[in-house]
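Starting from the structure of chain A, add chains B and C where the hints point.
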Amino acid sequence: MKKALLAVLLTGLFAVSGLAQVYDVASDTTWPPFEWADAEGNLLGFDLDVMRCIAVLQGFEINIISYDWDIIFDDVGIGRADIGASGATITDERELKVDFSAPYWTSDQAVLIRADSGLNIVTALSGGYTVGAQIETTGAGFVQGLLDDGVDVILQEYTLYPLAVLDLINGNIDAVIQDEPASQASATAEADLTVAGVIKTNENFGFFVAEGDPEGLLPLLNDGVDQLKALGAYDNLVRAYMGTDLTKVEAAWKASIGFLEEGDVVGFALNLATLANQ
Amino acid sequence: MSTIWQSLELLVTKGLPTTVLLTLGLLGAGLALGFPIAFLQVYGYRPFRWLCRGYEQLFRGIPALVLILIFHSGLARSFGILLPAFTSALIALGLRSSAYQSQIFRGAIQSVPQGQMMAARALGMSKLQAIRSIILPQALRLSIPPWTNEFSSVLKDTSLASAIGVLELTKQGTLIFTRIQFVKGVNYILVILILVALVYLVLTYMGNAGLALLERRLRIPGFEMKGKVER
Amino acid sequence: MNEQHPSRSDGAILRVEGLHKSYGDNHVLRGVSMQMRRGETVVVIGPSGTGKSTLLRCINQLSVPDRGRVWLGDREITCKKQNINCLRAEIGFVFQNFNLFTHLTALANVRIGPMKVKGLKKAAATELAMDELARVGLSDKADAYPAELSGGQQQRVSIARALAMSPQLMLFDEPTSALDPELIGEVLDVMVSLAKEGMTMLVVSHEMGFARSVSDSIIFMEGGVILEQGPPEEFFTAPKEERTRVFLSKITELYGE
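Chains as they are written, first to last, in this note's numbering: chain A, 1 to 278; chain B, 1 to 231; chain C, 1 to 257.
Simulated from the structure, these hints should not be mistaken for laboratory data.
Some clues are possibly wrong.
In silico SDA-like pairs for lysine to any residue, Cα to Cα no more than 25 Å straight-line [what the hints assert, rightly or not]:
1. K156/B - T159/A
2. K184/B - V198/A
3. K80/C - K156/B
4. K127/B - K116/C
5. K14/B - N170/A
6. K81/C - L190/B
7. K97/A - A163/B
8. K97/A - S78/B
9. K116/C - Q6/B
10. K14/B - D108/A
11. K97/A - S73/B
12. K184/B - D108/A
13. K97/A - L82/B
14. K254/A - T3/B
15. K81/C - S126/B
16. K254/A - L40/B
17. K116/C - Y43/B
18. K141/C - R217/B
19. K156/B - G41/A
20. K116/C - L40/B
21. K184/B - Q278/A
22. K127/B - L72/C
23. K156/B - R37/C
24. K116/C - N85/C
25. K14/B - L120/C
26. K127/B - K141/C
27. K97/A - L83/B
28. K127/B - A108/C
29. K254/A - E9/B
30. K184/B - Q184/A
31. K184/B - N170/A
32. K116/C - R219/B
33. K122/C - M117/B
34. K184/B - T274/A
35. K118/C - Q116/B
36. K141/C - R77/B
37. K121/C - P137/B
38. K184/B - Y158/A
Nothing here was measured: the structure is a model prediction, and the numbers come from that model.
Chain A with its partners taken away, still in its complex shape (with noise of 0.2 Å):
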């Protein structure tokens, strides 16, 4: 609690005297509820606040860049953006482009259906359809796995998620495998789609740097976290995104940004969690 104060008012000073340090932070703001535009086009989502929650702590500013998927690992890897922080799972195959901090979310895969296909998770990707995954994500890897081992199944990918979803929903394909999360929220949205179900992969987000970490990143990074979950900040903002309602979660962020921008972590996080599940 003190290191966290010491923070906020060094962040203050900083802040005050312009001598904080700024950093671009790509990501993919197509991803709800990790990350995403609200209507007025304020970004936010668990990555998002997370990482400005990490900022203030550290005392460093950031500044949030939206990306295309298909660029990120290559921008963030040759550093034209700083920090990636865009629900990534660390894979081997993107450790070569970039380092990543540690796991701060453990994700899993879900299969998203239309609720009167009459499909369930098994049928649906070994029965000859066509799944929807976007482009270079762990759910097309997965798909792409069945593939190799023979399963019947199509891949069709995509540049952004929400296209999958909307192709499912027209009736282009027949399922969409994305993290349970944003599944979630896609079921939630749509009443004519479903979950047919979760495949357990474990998997782990990491936020991204340039490879070998040049600006020395990491470290702050991974105490951030640490201190965040410490403060008992991380699990509210857990509470607040995941598996809440969209636009109450916009709300009650507008509500609380203020907190943030005077330096109460705490507060903002409770305050989110507790607007959004009213």
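Using the frame of chain A, we list chains B and C on its own:
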């Protein structure tokens, strides 16, 4: 309804400025490069002419998106040149536009009758003086109608910049309609796409109207088409 | 080439020696030599395609001759070391198709030479240009654009444009050929008065009346060479060459007397 207005406001306040800035930047860069290239192609020594012709063929022959990726990702990967997305798009699409604009100006220069140059030289003007005071003012006027076309095309090309993450109109539209998919009971993706299209339409219309005004302001008797067909 | 080196004392304002010019296989000028004294008006006649216009263009180097030399006074125009722009500024050129600058008013057409080439200030150039427009009788058309003028008026403006440079020599390349018959007179009137004022003029024309009444000398060209040259009375009444006689009879049929 209020959300639709909100979406439009978001498009106009957050997407539009970048689109307009990029369009103006591209037209300016294309003009600054295309004009000298056109002159070199018409009046330059042979090696210059070949060089300019090669340049023009090259940048007219590569798809705009490929050019953008070359400057944004290719240069970064191979040489460590880290251009911001906006700059990458500006350079790639600017080179493309300069190639197209050079052809507009070349056509205009070549449609100024030979006698104009001859009369200027006969007065004792140097080639450069003749180009500047006689050929250029006429070629510029002749360029406006085809240039209007290039404006419309450049404006719409800016949407390609969204591919490398420039937050302009199209990207902003994408952010809006991807969000509403997660909002319960709301589904007006088509409306958002139409809004985006409308903003482009209005921009195109305004630009064309402005250029038509310029054309009228600069109009000189004898430059317009004569002998209107009335029926 | 050295046998005809001119002396400075012979008083010729224009001297042409052995000009040759080919366009591809077409040998247009095959050794043309001539000279003019200050204040003389010389008319060049001859069938079309005999190199009359090419001769004029080779004189002010709009076309570069393959061989031969041209002097303006004692300066050699064909010499590569001469600044051709300075020499051209002293030689007025009037085109068959006027070639007025289409984007400029009559006044601006006349003014632009003195301003750009001689470096006159705008006010001085305007004054000069208005004087020249008055000289060709077009003061009231100063603000008109070429497209708003008749052919005859355009040609008069183009003469004023050349005059504004105070040339030592004026070259006229079929100045009335592109004009409707009723407009020819106004242009010829201007040329007649110029000749009377003592302007040195080399005119390619089919206007026999003008040639007969105004010129000091007539040159008949055919096949890229000068066949005959002489004062008009001699030329029209007693031409020495058979080819000249044939041409004159044809031209009389065409244009009447």
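- Item | 25 Å limit on alpha-carbon distance, applied to hinted pair K156/B and T159/A | 21 Å, holds
- Query: Straight-line Cα separation of K97/A and S73/B no greater than 25 Å?
  - Reply: Distance of about 14 Å is within 25 Å: holds.
- Task: Would you check the hint for K127/B and A108/C, treating anything up to 25 Å between C-alpha atoms as holding?
- Result: 19 Å, holds
- Item | Distance restraint between K116/C and R219/B, which requires alpha-carbon spacing of 25 Å or less | With a Cα-Cα distance of about 24 Å, the restraint between K116/C and R219/B holds, given a limit of 25 Å.
- Starting from K14/B, check that the Cα of D108/A is at most 25 Å away, please. Roughly 35 Å between the alpha carbons, so the hint for K14/B and D108/A is violated.
- Pair hint outcome, K254/A versus L40/B [Cα-Cα no greater than 25 Å]: Between K254/A and L40/B the Cα gap is close to 58 Å, so the pair fails against 25 Å, i.e. violated.
- Given the hint that K184/B pairs with Q184/A, does the C-alpha gap stay at or below 25 Å? 12 Å, holds
- Query: Hey, K141/C versus R217/B, does the alpha-carbon distance stay inside 25 Å?
  - Reply: The hint holds at about 22 Å.
- Query: Is K184/B within 25 Å of D108/A, Cα to Cα?
  - Reply: 23 Å, holds
- Are the Cα positions of K184/B and Y158/A separated by 25 Å at most? 23 Å, holds
- Mind checking the alpha carbons of K97/A and L83/B for me, to see if they're no more than 25 Å apart? 19 Å, holds
- Query: Quick one, are K116/C and Q6/B close enough, alpha carbons at most 25 Å?
  - Reply: The hint is violated at about 58 Å.
In the structure shown, a violation is registered for the earlier hints numbered 3, 5, 6, 9, 10, 16, 23, 25, 26, 36, in ascending order.
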